[in-house]
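Please model the complete structure; the sequences and the hints are all you need to start from.
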Amino acid sequence: MIVSKEQRDGIVVLGLDGDVMGGPEASRVNEEINSFLDEGSLKVVMDLGGVNRMNSSGLGIMINALTTFQQNGGSLKLARVSPVVQNLLKITRLDSIFDSFDSVEDALGSF
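Residue numbers for the sequence shown follow the numbering used here, beginning at 1 and rising by one.
Some clues are possibly wrong.
Stated by the list, open to error - Here are the simulated lysine-lysine pairs, DSBU-like style, with alpha carbons at most 30 Å apart:
hint, residue 1, residue 2
1, K43, K5
2, K5, K90
3, K90, K43
These are calculated hints, taken from the structure and not from any lab test.
Structural data, given as structure tokens:
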């Protein structure tokens, strides 16, 4: 899993690419999320357009991120959710707890 981040209009865009399967990469994502909070960044868009595969550990990363931001008065939105991930979200009924957008720009505009 490749993780990238950028600031756009005061909102962090966190990009995940490849396979989101947990392991050391999960720790890296959690560290990034904690660093956003430490910096006072409470608005995050998670760009999932490049995600090929995801398992329950990957879902756990997303749920943990959402919960962490909500508990700290922030917000996490999903963008460019790949069909594989969208299907997984529907099967697990997690699509009802995440705000998902077709593009990063749409997600940014929703804040």
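Cross-check of the supplied hints:
| no. | hint | result |
| --- | --- | --- |
| 1 | K43 to K5 | holds (13 Å) |
| 2 | K5 to K90 | holds (26 Å) |
| 3 | K90 to K43 | holds (24 Å) |
Checked against the numbered hints above, the structure violates none of them.
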